[in-house]
Amino acid sequence: MRTDSSAGLGPTAARFGALPAREHLPVGSGLVPVLDVVIPVYNEEKDLGACVRRLHQHLVRTFPYRFRITVADNASTDTTPQVARRLTAELPEVTYFRLEQKGRGRALRTVWSASDAPILAYMDVDLSTDLNALLPLVAPLISGHSDLAIGSRLARSSRVVRGPKREFISRAYNLILRGSLQARFSDAQCGFKAIRRDVAQVLLPLVEDTGWFFDTEMLVLAERAGLRIHEVPVDWVDDPNSTVHIVKTATDDLKGVWRVGKALATGSLPLDRLARPFGDDPRDRQLPGVPKGLARQLVGFCVVGGLSTLLYLLLYSGFRTFSGAQVANGLALFVSALANTAANRRLTFGVRGRDKAMRHQAQGIVVFGIGWALTSGSLAALNAASGDPAHSTELAVLIAANLAATVLRFLLFRAWVFPAERTDTPAAPAPAASVTTPQVPQAWDDATAQMAPVRAHDPYLDPRDPR
Numbered sequence: 001m002r003t004d005s006s007a008g009l010g011p012t013a014a015r016f017g018a019l020p021a022r023e024h025l026p027v028g029s030g031l032v033p034v035l036d037v038v039i040p041v042y043n044e045e046k047d048l049g050a051c052v053r054r055l056h057q058h059l060v061r062t063f064p065y066r067f068r069i070t071v072a073d074n075a076s077t078d079t080t081p082q083v084a085r086r087l088t089a090e091l092p093e094v095t096y097f098r099l100e101q102k103g104r105g106r107a108l109r110t111v112w113s114a115s116d117a118p119i120l121a122y123m124d125v126d127l128s129t130d131l132n133a134l135l136p137l138v139a140p141l142i143s144g145h146s147d148l149a150i151g152s153r154l155a156r157s158s159r160v161v162r163g164p165k166r167e168f169i170s171r172a173y174n175l176i177l178r179g180s181l182q183a184r185f186s187d188a189q190c191g192f193k194a195i196r197r198d199v200a201q202v203l204l205p206l207v208e209d210t211g212w213f214f215d216t217e218m219l220v221l222a223e224r225a226g227l228r229i230h231e232v233p234v235d236w237v238d239d240p241n242s243t244v245h246i247v248k249t250a251t252d253d254l255k256g257v258w259r260v261g262k263a264l265a266t267g268s269l270p271l272d273r274l275a276r277p278f279g280d281d282p283r284d285r286q287l288p289g290v291p292k293g294l295a296r297q298l299v300g301f302c303v304v305g306g307l308s309t310l311l312y313l314l315l316y317s318g319f320r321t322f323s324g325a326q327v328a329n330g331l332a333l334f335v336s337a338l339a340n341t342a343a344n345r346r347l348t349f350g351v352r353g354r355d356k357a358m359r360h361q362a363q364g365i366v367v368f369g370i371g372w373a374l375t376s377g378s379l380a381a382l383n384a385a386s387g388d389p390a391h392s393t394e395l396a397v398l399i400a401a402n403l404a405a406t407v408l409r410f411l412l413f414r415a416w417v418f419p420a421e422r423t424d425t426p427a428a429p430a431p432a433a434s435v436t437t438p439q440v441p442q443a444w445d446d447a448t449a450q451m452a453p454v455r456a457h458d459p460y461l462d463p464r465d466p467r
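Numbering follows this note's numbering, in which position 221 of the sequence shown is assigned residue number 221; successive positions increment by one, without gaps.
Worth flagging that the hints you see were computed from the coordinates, not collected in a lab. Careful: at least some of the hints might be erroneous.
As a list, the in silico DSSO-like pairs of lysine-lysine whose alpha-carbon atoms are at most 30 Å apart [what the hints assert, rightly or not]:
id	residue 1	residue 2
1	Lys-102	Lys-356
2	Lys-255	Lys-165
3	Lys-165	Lys-102
4	Lys-248	Lys-165
5	Lys-248	Lys-102
6	Lys-102	Lys-255
7	Lys-46	Lys-165
8	Lys-248	Lys-356
9	Lys-102	Lys-46
10	Lys-46	Lys-248
11	Lys-262	Lys-248
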C-alpha cells in the first residue's frame, strides 16, 4: 500500500490526473477474484474442455488468490457454447460470455471492460504457453510494480518450438514495429498478456482494433504513454492446427501499423491521460533546482541537431551552385530551421498536436535569426580575412559557427519556446473520486450491462454466497 511519503505527490498527481500511483493489491479474502483469465474462442469445441480444466487445475494448485476463468465466445457456430456451459456447471470459477460478432480484440475489450477483477489476463485456447509463466506474469501487476505484462517468445531465455515460417513472420513483424513505431517490447503477438484494471479502464477506449492487431495497438499506446510493461520469458510450443489466416492477419496488422503511426505522428491520441505520477521512492521525485528530463532532452536535441546540420550542409551546397555564400547560407538555414523546430517540438520536448504550432515556429524563426547572425558573421569575417576562401574552408567555419548556434538554440528552446510546466505552485487538491475513479465512456456502461447475466450466475460475485 502507499506509504505516508506519498502525500508530497499532490501537484504531480493533479497534473497527470487519470491514473493514480500504482499500489500493491491488498491481501485478503474478498468476494471479488483478484485475477480474471479470459480465453477467447471461436469454434473450439474439441479443445475448450481440456484447456479450461487444465488451466483451472493449475490455478487451484499454484495461484494464492481467488480467480475466475471467463470463456469469451466469438460467435461460434459449433457446439462451443454447450461445452462452455457444461464447464460453468462443473467448475464454479468458470463463467461464459457470448458475443455475436467475431474478433479477438472485441472479445477482450468487452469482457475486460466489464470485469471487476483488479488483474485482467488472457491466453489462447491452445495453451501453447507453459502455464508456469502465469504467476510471474501477473505478480508485477499485483505488487504494483508494472501496468501491463506480456509473455515473450523472443527473450533470450525463452524456449520456443515452431516452424521456420512462423518464426520468420514473428521476427519480421516485431522488426517492423521497432522500425516504424519505435516499439521497445520484444513480442507483440504472443497470446499471453495481463493488464491492471485501472489501466484498462483508461487505455482500452483508445484502442480501435477489434481483431489480432488489438494486442499491438494496446502495447504501443501504453509504451508511448510511459506505462511500465513487464516481459516474461516463456516456453512456447506452436499449435500446428491453428486456424489463424496468416496472410489476412499480416495485412490487417500492417494497416494497423500505418493507422497507429499516423495517429502518433499527428498527436491525435490523448496519451497524457495515461500518465502516472511518480511512485513512493524518493529517488523518483523531482528535486528542486534539477531540470526535469534534461538528459533525455539533450540526447533528443543532439540527434535532431545532427540531422538538421546534415540537412543544412546539403542545402547550402545545393544553393551555393547558383547563388552567393550569404544567400545560400540564409536559404539553407531557414529551411533547416523549420524542420529543426518541428522535430524538436515533437521528439525532444514532447509537444503533441497543433496547439501553438504556429507560435512555436515563429519563435523558432527568431532563434533562426540569431543563428543566421552567428553564421553570417563568421562568413563575413572569413571573406574579409581570406578574400576568396575555398569551399571546404567555408564549410569548416560554418560547422564551428553552427555548433555555437546549436548550444544557444537549445537554451532558448528549453527556456523560451518550449518551457516546462511550472509545478512549484501547489495545485488545489483534486477530489478523491477524480483520481480513483476515471470517467468512463458510454461504451463501458454498455459492456458492463452485457456482463450482468454472467455476474448474476457467478458465485464469487454473490455476497450471499458463503465462499
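Tested hints:
no.	hint	in the structure
1	Lys-102 with Lys-356	violated (43 Å)
2	Lys-255 with Lys-165	holds (21 Å)
3	Lys-165 with Lys-102	holds (26 Å)
4	Lys-248 with Lys-165	holds (15 Å)
5	Lys-248 with Lys-102	holds (15 Å)
6	Lys-102 with Lys-255	holds (19 Å)
7	Lys-46 with Lys-165	holds (26 Å)
8	Lys-248 with Lys-356	violated (41 Å)
9	Lys-102 with Lys-46	holds (19 Å)
10	Lys-46 with Lys-248	holds (25 Å)
11	Lys-262 with Lys-248	holds (21 Å)
Violated hints, listed in ascending order, are 1, 8; each of the other numbered hints is respected by the structure.
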